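Chains as they are written, first to last, in this note's numbering: chain A, 1 to 601; chain B, 1001 to 1291.
It should be emphasised that the hints constitute simulated quantities derived from the structure, not laboratory data. Source: prediction; values computed, not measured. Careful: at least some of the hints might be erroneous.
Claimed, not checked - Using 27 Å as the maximum straight-line C-alpha spacing, the simulated BS3-like pairs for lysine-lysine come out as follows:
1) A:198 / A:502
2) B:1088 / B:1189
3) A:289 / B:1088
4) A:198 / A:366
5) B:1088 / A:198
6) A:131 / A:198
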Amino acid sequence: MRRKLPEMLVGLGLLAAPFVLPALGMSPDLLTRILIWGLFGLGFDLLFGYTGLLSFGQAAFYGTGGFVTAYLLTDGVVPNMLVALVIGTVAAAVMGLVIGYLTLRRTGIYFAMSTLAFGEMFYFMENSVFKDYTGGENGIAGVPPPELSLGFIDIHISSGWPMYWFVAVIFFLGYLIARRIVRSPFGAVLKAIRGNPKRATALGHSIQTYKLIVFVVAAAYGGLAGGLLGLFQSYMPPDAFALDTSAQLVIQTVMGGAGTLLGPLLGATIWLYLYEGLQQVGNLGPYWKLILGVVFVILVTVFRHGVAGALISLFRRRRSLPADIDDTASTRVAGSLDIVPPLSTTRPGAPVLEARGVSKHYGGLKANSDIDFTLREGELHGVIGPNGAGKSTFFAMLAGELPTTTGKVFFRGQEITGIGVTSVCQLGMSKSYQINQLFEHLTVRQNVMIPVLARLRGRFRGDLLSNLHSEHLDSQVNAAIALVELTHHADTQVSEMSYGEKRRLEIGLALATGANVLLFDEPLAGLGPEERVMVVALLKSIRQGRSMVIVEHDMDAMFELAERITVLYEGRKLAEGTPDEIRRDPSVQAAYLGGMDDESA
Amino acid sequence: MPSMSLFLSQLFNGLATGLLLALISTGLTIIYGTLGVINFAHGALFVVGGYAGYTVYGLTDSFVLAVAGGSAVALACGLVMERGLMRKYYSRPPEDQILVTFGISIILVEIVRGLYGGVSLSVTPPEWGQGVARLGTLIYPLYRLETLGIAAATLLLLYFVLYRTSLGLIVRAGIEDAQMVNALGINVKRTFLLVFGIGAMAAGFAGVINSPIVALTPDMGFRYLVDSFVVVVIGGVGSFPGAIIGGIIAGEILSLTSMINPQYSDVMLFIAMALVLIFRPQGLMGQEGRE
Chain A
1 MRRKLPEMLV GLGLLAAPFV LPALGMSPDL LTRILIWGLF GLGFDLLFGY TGLLSFGQAA
61 FYGTGGFVTA YLLTDGVVPN MLVALVIGTV AAAVMGLVIG YLTLRRTGIY FAMSTLAFGE
121 MFYFMENSVF KDYTGGENGI AGVPPPELSL GFIDIHISSG WPMYWFVAVI FFLGYLIARR
181 IVRSPFGAVL KAIRGNPKRA TALGHSIQTY KLIVFVVAAA YGGLAGGLLG LFQSYMPPDA
241 FALDTSAQLV IQTVMGGAGT LLGPLLGATI WLYLYEGLQQ VGNLGPYWKL ILGVVFVILV
301 TVFRHGVAGA LISLFRRRRS LPADIDDTAS TRVAGSLDIV PPLSTTRPGA PVLEARGVSK
361 HYGGLKANSD IDFTLREGEL HGVIGPNGAG KSTFFAMLAG ELPTTTGKVF FRGQEITGIG
421 VTSVCQLGMS KSYQINQLFE HLTVRQNVMI PVLARLRGRF RGDLLSNLHS EHLDSQVNAA
481 IALVELTHHA DTQVSEMSYG EKRRLEIGLA LATGANVLLF DEPLAGLGPE ERVMVVALLK
541 SIRQGRSMVI VEHDMDAMFE LAERITVLYE GRKLAEGTPD EIRRDPSVQA AYLGGMDDES
601 A
Chain B
1001 MPSMSLFLSQ LFNGLATGLL LALISTGLTI IYGTLGVINF AHGALFVVGG YAGYTVYGLT
1061 DSFVLAVAGG SAVALACGLV MERGLMRKYY SRPPEDQILV TFGISIILVE IVRGLYGGVS
1121 LSVTPPEWGQ GVARLGTLIY PLYRLETLGI AAATLLLLYF VLYRTSLGLI VRAGIEDAQM
1181 VNALGINVKR TFLLVFGIGA MAAGFAGVIN SPIVALTPDM GFRYLVDSFV VVVIGGVGSF
1241 PGAIIGGIIA GEILSLTSMI NPQYSDVMLF IAMALVLIFR PQGLMGQEGR E
């Protein structure tokens, strides 16, 4: 029951609002307007609050949905109100697909700038190219009052409370869907994208597709809200397309609290109530937007999570609840962590990962020159070399992160040069990073879930409405957590953990992909003596069924672990052999000790 | 078919508009290139400059003083912004930086609205800018011709500062690696402050120069903000030559399409941006891999 608590509270709130809020001077029209903004904001919060994509162009979809719906109804093309709403929503979603495809090609500030610019494009088009349909500056007046035909009875929805109930029902449906999306496997990947897009990609998720789909979903919410606006006002204003609309949405969401779904609704309440309230107070009316601007800057600077975020953390502190317990997860631990079966069955000793004549040049700088490398099935292969020997560059090319300048990389006979980390991960190879690449704002369980989801679902799956948890998923996640000995921390937020624990989680993420070939980039970096022993034992214990390459500065650990060692020096392969051979190799001794130039760490 | 002289005059017009856009975008791009911050208040600083120039012009009757005054007020706003808020934001995610500069833009615009009201104010060109210029068969408003010269000269000056002085060297080194520059004993903080100020001043300067061409309204800044975004997306964010080339391209698109059908001039601009995003997402002069 506890799981459905937010849904029940929202439902009750919507039922109770008409009996409580008028006492605070809120009219049915004000409440309806707030709900329309709240619905618009549900989609935007999925995009911004959950996925981290700050769009300044949502007005484009609000306007598209609104004008398509209003045009269809006013011109009598589609007399059925619900059908017109659906067509408007779909039109907005299609626009979302186009604009999303273009703007998502870049991230961060580029994304914010280009969405803002495309939003303005729609505003101009409304006023020029599509003037004949949209009425240009006049908008579309005389949108017929909504009518619901249920076959046996026609309901006329008049303004005032009936309109409130109509919009409230749609808002509630929208909220239920958004809640499901947030709690689906799809939603879990969205949160990972927000936290660390680079790692989400490396763990096998095609994040571009996820971003595009959530962009389309946000556009559809915008379109539906825009359609309702026209019905509610019997008039579709051209302002719906204006930058101010996008900006108001952003401000309301941030003030209310991004990443809470209800934040935008709360923000809209503050905005509209403040506006009406300040008109009553002496001569403050004209300055309301200035006051709003000041409040907004303060909120962004001090309260990062808005009003809803502040309320939630207050509630948690009073009940002394930890950050984010996932009490719906099964506690069963799988006997062993699954490993992706190799595509072709190979015998021990056959080459798994091969680099043939790999070079990487940056202008005149030759980071790697003509390196041949072979990892055999079941082998633990070390790569060592002084600082600046080109180990990290070489590793990045093996992992598919960097394209090679010349040369090719093969994985079980299949060429993987430059196919990208996501594909490499889906083939069954994963890398653990020298500098932790974790999802800091998620718990350990939520972190480990990301690679397991990529293994169970592939690069992308549009399971927006499915349940996140399954016995198989949870037991695999638990097994991976147990393997890196973080079970007692399963529900701890990563940002609160010690460095050593984070280091183990870093390895755990790579393991949880189910990869049968693992690349470890300095797994012992920065660890204390006790933790070193622990991680070395861990690396030994996971060898069954896996082949590994390790780059490490810790020579003792390397000589203890590795069966074969490759030495890189100044971007070239200096030597290769068993630990004993390497220890005795005069050229290696010279490179490390004989003052060629660099020192060993 | 439009006549040759109309075409030439529009081509010229596009260059004038383009260089002005380039000037505004340069401010945006210098700040981004150095500090990694996209200043959403850039359009508001343009407005602040324009209105401050209007006041000085009214008081002194000297357009030169108006330009100086408008630039100085925008500079002051930029310095206060950097000292008061932006400095706390350099280590925060880009989304927060966008949100806070956006909030500041609301405050600036609303202060302007409070002081001057919401009606549009027109500015007459200075005496030396009145009348028309005849260039062969071409007849062209004199002031527009002069803005072209002023914008070009200012861009040259900025180029000189950025590429030929030690400040410019520090700025460009700071773009590459701020920590390293700091370690060399150069006060990066003060350089950042200066850069933010120069960027803001460029917006204010353009605001005054533009005021005899387009009447002042408090909300006009957003339009210029959007246009300068389009310019830097086309040219490549953080690239000085990119801002100039992007500005000229944008100016010519606006001007040449409006000759054929004014309805489509803005739309064409965004189509150009879409094409750049599809075929060269890093911008015409942008470097691969920089976000």
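Verification of the hints:
no.	hint	result
1	A:198 / A:502	holds, 17 Å
2	B:1088 / B:1189	holds, 12 Å
3	A:289 / B:1088	holds, 24 Å
4	A:198 / A:366	holds, 26 Å
5	B:1088 / A:198	holds, 26 Å
6	A:131 / A:198	violated, 43 Å
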